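Student: Can you build the whole structure from these sequences, using the hints too?
Take the position in the sequence shown, starting the count at 1, then add 99; the result is the number in the numbering used here.
Calculated directly from the structure, the hints in this document are not laboratory data. Don't take each hint at face value.
Label pairs and their in silico Cβ distance ranges [said to hold, decoys possible]: (1) S114 <-> K160: 18 to 26 angstroms; (2) M100 <-> L204: 20 to 28 angstroms; (3) K155 <-> G190: 24 to 32 angstroms; (4) G197 <-> A154: 27 to 35 angstroms; (5) L204 <-> M162: 40 to 48 angstroms; (6) L204 <-> S177: 17 to 25 angstroms; (7) F176 <-> S102: 21 to 29 angstroms; (8) F107 <-> F176: 16 to 24 angstroms; (9) W216 <-> I140: 16 to 24 angstroms; (10) I194 <-> L104: 36 to 44 angstroms; (11) V127 <-> P159: 35 to 43 angstroms.
Predicted model, so just to flag it, every value in this text is computed and none were measured. Think of the CB as a built atom: it goes at the ideal place given N, C-alpha and C, for glycine as much as any other residue.
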Amino acid sequence: MTSILLVFLGGGIGSVLRWGVGQGLQTVWKHPYAVMGGTLIANLLACWVLGWALAKGSNPKAMLLVTVGICGGFSTFSTFSYEVLGLLRQGEWGIAGGYVLCSVLLGLAAVALGLRWG
100 MTSILLVFLG
110 GGIGSVLRWG
120 VGQGLQTVWK
130 HPYAVMGGTL
140 IANLLACWVL
150 GWALAKGSNP
160 KAMLLVTVGI
170 CGGFSTFSTF
180 SYEVLGLLRQ
190 GEWGIAGGYV
200 LCSVLLGLAA
210 VALGLRWG
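Tutor: Below is the structure:
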């Protein structure tokens, strides 16, 4: 039961943080792609935190809270996929491809940096 509560709590924290990043970016950057920028920032930060936590982690409960809970709630593959699909439907193939490429490559780099700095 403790594990469920840790994941639940972490997921709530991550989701609120994710929403805050999106809202904050849209407030300072009045551009149609600000929503995607918020998704990218959240996903990259989640990748970095995941790498960092995996490098540091030894406490199984803290790992559940941070990796599954917070990182799981903070990152958003479904929103990313929806945004890419929207770009493809609009005929924005180059932007969609760049977004996918940046998300995957920068995400891998962020995990690697988190592991290194952890």
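Student: Would you mind marking each hint as holding or not holding in the structure?
Tutor: Right, here's what the structure says about each hint:
A C-beta distance of roughly 20 angstroms is found between S114 and K160, which places it inside the suggested range of 18 to 26 angstroms. The supplied range of 20 to 28 angstroms is broken by M100 and L204, whose beta-carbon atoms lie about 39 angstroms from each other. Hint check: K155 to G190, Cβ distance near 44 angstroms, so the stated range 24 to 32 angstroms is violated. Look at G197 against A154: about 30 angstroms separates their beta carbons, and that is inside 27 to 35 angstroms.
Roughly 26 angstroms separates the CB atoms of L204 and M162, a value that falls outside the hinted 40 to 48 angstroms. One distance hint, 17 to 25 angstroms for the beta-carbon pair L204 and S177, holds here, with the actual separation near 20 angstroms. Checked against the given bound of 21 to 29 angstroms, the beta carbons of F176 and S102, roughly 22 angstroms apart, stay inside it. With their beta carbons about 20 angstroms apart, F107 and F176 fall inside the hinted range of 16 to 24 angstroms.
Against the hinted window of 16 to 24 angstroms, the Cβ-Cβ separation of W216 and I140 comes to about 18 angstroms, which satisfies the hint. Taking 36 to 44 angstroms as the suggested C-beta distance range, the pair I194 and L104 conforms, at roughly 41 angstroms. Between V127 and P159, the C-beta spacing of about 38 angstroms keeps the proposed range 35 to 43 angstroms intact.
Comparing the model with each numbered hint stated earlier shows that hints 2, 3, 5 do not hold.
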